[in-house]
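*Asks:* All chains, please: the whole structure from these sequences, using the hints.
According to our numbering, the sequence shown is numbered sequentially starting from 1.
Do not take every clue at face value.
[Claimed, not checked] DSS-like cross-link-like pairs, simulated, lysine-lysine; straight-line CA separation at most 30 angstroms:
1) K268 / K191
2) K223 / K119
3) K11 / K301
4) K191 / K223
5) K43 / K211
6) K7 / K299
7) K227 / K155
8) K155 / K191
9) K31 / K227
10) K155 / K301
11) K223 / K211
12) K301 / K7
13) K155 / K31
14) K297 / K11
15) K119 / K11
16) K31 / K120
17) K223 / K117
18) K7 / K43
19) K7 / K117
20) K119 / K268
21) K155 / K7
22) K117 / K43
23) K91 / K7
24) K31 / K43
25) K155 / K117
26) K211 / K155
27) K43 / K11
28) K43 / K155
29) K211 / K228
30) K117 / K91
31) K7 / K31
32) K191 / K297
33) K120 / K91
34) K155 / K228
35) K155 / K119
36) K299 / K120
37) K155 / K268
38) K223 / K297
39) K211 / K120
No wet-lab data here; the hints were simulated from the structure. Just so it is clear, the structure is predicted and the values come from calculations on it, not from any experiment.
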Amino acid sequence: MTAQEVKALAKSLGADAVGITSMDRFEGAPKQMDPRYIMPEAKSMIVMAFRVFRGSLRGIEEGTFFSNYSAMGYGGLTYNYIPMTVINLCKHLEDEGYEAIPLGHQSDWRAITNTGKMKKEFSVPVREGLPCPDIMIHLRIAAYLAGLGEIGYSKMFITPEFGPRVRIGVVMTEMELEPDPIYNGPQLCNKCMACVRDCPGHCISETETVKVTLAGHEVEWGKLDEKKCDDYFNGGRYPEEGEVGDYNRDTERTTRGWHTPFFHRPRKLYNTGQAVCGARGCTRACMISLEARGVLKNKFKTPFRRQRPWQVDWSEDGNVKYMPEEAKNAVKENKHEAD
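*Replies:* Shown next as structure tokens:
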């Protein structure tokens, strides 16, 4: 099979954009993030981008329907659709006589955290000189090396088709395929800083950056506070001095000083939930900016932002002022008991 045939096959199986990188482009990667340790004989990595539907963001944009982005825009892709696509592509590569490894978007089973630190007492190398066997592939870097687009200032991966609303899956194979060039099309991220301004937790630094060299190209993005990002993604907020409130009463984080639009943690769908932030800065603000500049190929007949975007109301009675009276009374009783 040629590279063009493999990419056409991946699209027929469900991928929205496909690129190929040779494994030597990962030279210089930290051991614990170097996919060549996963499959030393691999010659190529096939990287696939899967669109997040713009409509999946609307319910969080307007405060009407929270679960669709979590389930269909996030978890459904990560834990269902992407695995099925990469699995089926591997079947075809095996039928051609080449080993292949399917790797979906999520890598929960890995030896390092999102910040690159080793997990305590998680795993150990099986031989001297090797990393711990639970390698993490930096999927945004893989997508960059496969020519699918740019890494934006927010650290989100941005494609010319869909902007930041994509998720990534990969296949490593011993089949040698012609690699795609690094993306050199129209500029996508112009450092407009919409991601910085609109992030509810101000998790992306406007001044501090991270710089890496990828296949001879210098790439830079804003320094991200991953812990803070996770908290705000879930709909929480760090309290100001003297503030009180409950964050999802039935979670381990039931702590005075948190707020949320929910009484209880939303039930997870496809192992994902609580996406209350709705990627307000890194995805929605970025997407709106890219669409306004007219640089994305996936175009719509109507603008995404049609009214003032919904946000969590952090005032003392923000979560209860629209409730029926009997519900308000129940909230008051619960607060009294907590006091």
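*Asks:* Decide, hint by hint, whether the structure agrees.
*Replies:* Evaluation of the provided hints:
Proposed proximity of K268 and K191 is contradicted: the alpha carbons are some 34 angstroms apart, above 30 angstroms. As the CA atoms of K223 and K119 are separated by approximately 21 angstroms, the hinted pair is consistent with the 30 angstroms bound. Distance check on the hinted pair: K11 and K301 sit about 25 angstroms apart at the alpha-carbon level, within 30 angstroms; holds. Taking the CA atoms of K191 and K223, the gap is near 13 angstroms; set against the 30 angstroms cutoff, the hint holds.
Annotation: proposed proximity of K43 to K211 holds, straight-line Cα distance about 27 angstroms (limit 30 angstroms). Taken as a hint, the K7 and K299 pair is honoured in the structure, with Cα atoms around 23 angstroms apart against an allowance of 30 angstroms. For the hint pairing K227 with K155, the CA-to-CA distance comes to about 15 angstroms; that is within 30 angstroms, so the pair holds. Straight-line distance between C-alpha atoms of K155 and K191 comes to about 11 angstroms, which keeps the hinted pair within the 30 angstroms bound.
For the given pair, K31 sits about 23 angstroms from K227 by alpha-carbon distance, which is consistent with the 30 angstroms threshold. Between K155 and K301, the direct Cα distance comes to roughly 28 angstroms. Compliance with the 30 angstroms bound is thereby established for this hinted pair. A hinted pair counts as satisfied when its Cα atoms are at most 30 angstroms apart, and K223 with K211 qualifies at roughly 9 angstroms. Among the hinted pairs, K301 with K7 is consistent with the structure: their alpha-carbon atoms are about 29 angstroms apart, no more than 30 angstroms.
Taking the CA atoms of K155 and K31, the gap is near 21 angstroms; set against the 30 angstroms cutoff, the hint holds. For the suggested pair K297 and K11, the alpha carbons sit about 17 angstroms apart, so the restraint of at most 30 angstroms is met. Straight-line distance between C-alpha atoms of K119 and K11 comes to about 36 angstroms, which puts the hinted pair past the 30 angstroms bound. Our distance criterion of 30 angstroms between C-alpha atoms is met by K31 and K120, whose separation comes to about 17 angstroms.
For a cut-off of 30 angstroms, the pair hint linking K223 to K117 stands: about 16 angstroms separates their Cα positions. Only pairs whose Cα atoms come within 30 angstroms are accepted, and K7 paired with K43 is accepted, the gap being roughly 16 angstroms. At roughly 34 angstroms between alpha-carbon atoms, K7 and K117 are farther apart than 30 angstroms, so this suggested pair is violated. For the suggested pair K119 and K268, the alpha carbons sit about 25 angstroms apart, so the restraint of at most 30 angstroms is met.
Between K155 and K7 the alpha-carbon distance is near 26 angstroms, which keeps this suggested pair within the 30 angstroms criterion. For a cut-off of 30 angstroms, the pair hint linking K117 to K43 stands: about 28 angstroms separates their Cα positions. For the given pair, K91 sits about 14 angstroms from K7 by alpha-carbon distance, which is consistent with the 30 angstroms threshold. Distance hint between K31 and K43 is fulfilled; the C-alpha atoms sit about 18 angstroms from each other, no more than 30 angstroms.
Only pairs whose Cα atoms come within 30 angstroms are accepted, and K155 paired with K117 is accepted, the gap being roughly 18 angstroms. Annotation: proposed proximity of K211 to K155 holds, straight-line Cα distance about 11 angstroms (limit 30 angstroms). Our distance criterion of 30 angstroms between C-alpha atoms is met by K43 and K11, whose separation comes to about 21 angstroms. Simply put, K43 and K155 have alpha-carbon atoms about 27 angstroms apart, close enough for the 30 angstroms limit, and the pair holds.
Restraint check for K211 and K228: the C-alpha separation of about 21 angstroms stays at or below 30 angstroms, so the hint holds. A hinted pair counts as satisfied when its Cα atoms are at most 30 angstroms apart, and K117 with K91 does not qualify at roughly 34 angstroms. Annotation: proposed proximity of K7 to K31 holds, straight-line Cα distance about 28 angstroms (limit 30 angstroms). A hinted pair counts as satisfied when its Cα atoms are at most 30 angstroms apart, and K191 with K297 qualifies at roughly 20 angstroms.
Straight-line distance between C-alpha atoms of K120 and K91 comes to about 36 angstroms, which puts the hinted pair past the 30 angstroms bound. With a C-alpha separation of about 15 angstroms, the suggested pair K155 and K228 falls inside the 30 angstroms cut-off, and the hint holds. At roughly 22 angstroms between alpha-carbon atoms, K155 and K119 fall within 30 angstroms of each other, so this suggested pair holds. As the CA atoms of K299 and K120 are separated by approximately 46 angstroms, the hinted pair breaks the 30 angstroms bound.
With a C-alpha separation of about 26 angstroms, the suggested pairing of K155 with K268 holds against the 30 angstroms cut-off. Restraint check: the Cα-Cα separation between K223 and K297 comes to about 28 angstroms, which is no more than 30 angstroms; the hinted pair holds. Between K211 and K120 the CA atoms are separated by roughly 27 angstroms; this keeps the pair inside 30 angstroms, and the hint holds.
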